[in-house]
Amino acid sequence: MCSSDLATASGSPGDSSARLWDAATLKMIARLEHDRGALESVTFSPDGQYLASTGSDNTARLWTLPGGDEVFRVRHQMRVITAAFSADGAYLVTGSQDGSARVWAVPGGEEVARLINPGNIDAVLFSPDGKYVVAASNDGRARVWFLPIDDLLAEACRRVARNFNMEEWRQYLGDEPYRKTCPVNL
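Numbering (the numbering used here), first residue to last: 434 to 619.
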């Protein structure tokens, strides 16, 4: 983690910012602004390179650390309540009042999966192996989704532009039966 290993999010409607702090000195390093409304949450990526923030402006944003440059901004139909990174930092999942959990590629910001829920999504997380997304909703239930393999394979093909070898397949997809990552490649 970098020296800005403390982040806060303003819950005040008049202050739509997250702040990065140096934990040793408690000096503010950066102020990260959303357009309007209150921020809902902030979370660090596992490697400490990024911070994700969510807000009542219907967006989630990814920022670089320690400087706080915006990498991407993604939009839901309603307030974005929560976000979490996959253990490898390759994906960010966001949960919204619109009843969707969306999985985004990091750092590109491409949507790779959309999971629909009947109510608000108040908390999200990835399973440690990255194969599942868990969402808690305001109806008192938790739901578990297996991530769509086809979406993940398409994203892998865009990033790697070749078929996974067997070792890579096992590493990223575990017991899922092997098939070509990029069907057009031989």
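Just to be clear, a hint being listed does not mean it is correct.
[Said to hold, decoys possible] Label pairs and their computed distance ranges (CB to CB): (1) GLY500 x ASN598: 30 to 40 Å; (2) GLY522 x ASP455: 15 to 25 Å; (3) ASP583 x ARG508: 21 to 31 Å; (4) GLY444 x ARG508: 36 to 46 Å.
Hints are computed from structural coordinates only; laboratory data are not their basis. Beta carbons: idealized from backbone N, C-alpha and C, even for Gly.
Hint by hint, here is what the structure shows:
1. GLY500 x ASN598: 30 to 40 Å: holds (37 Å)
2. GLY522 x ASP455: 15 to 25 Å: holds (22 Å)
3. ASP583 x ARG508: 21 to 31 Å: holds (24 Å)
4. GLY444 x ARG508: 36 to 46 Å: Taking Cβ atoms as reference, GLY444 and ARG508 lie about 21 Å apart, which means the hint is violated.
In summary, the one numbered hint that this structure violates is 4.
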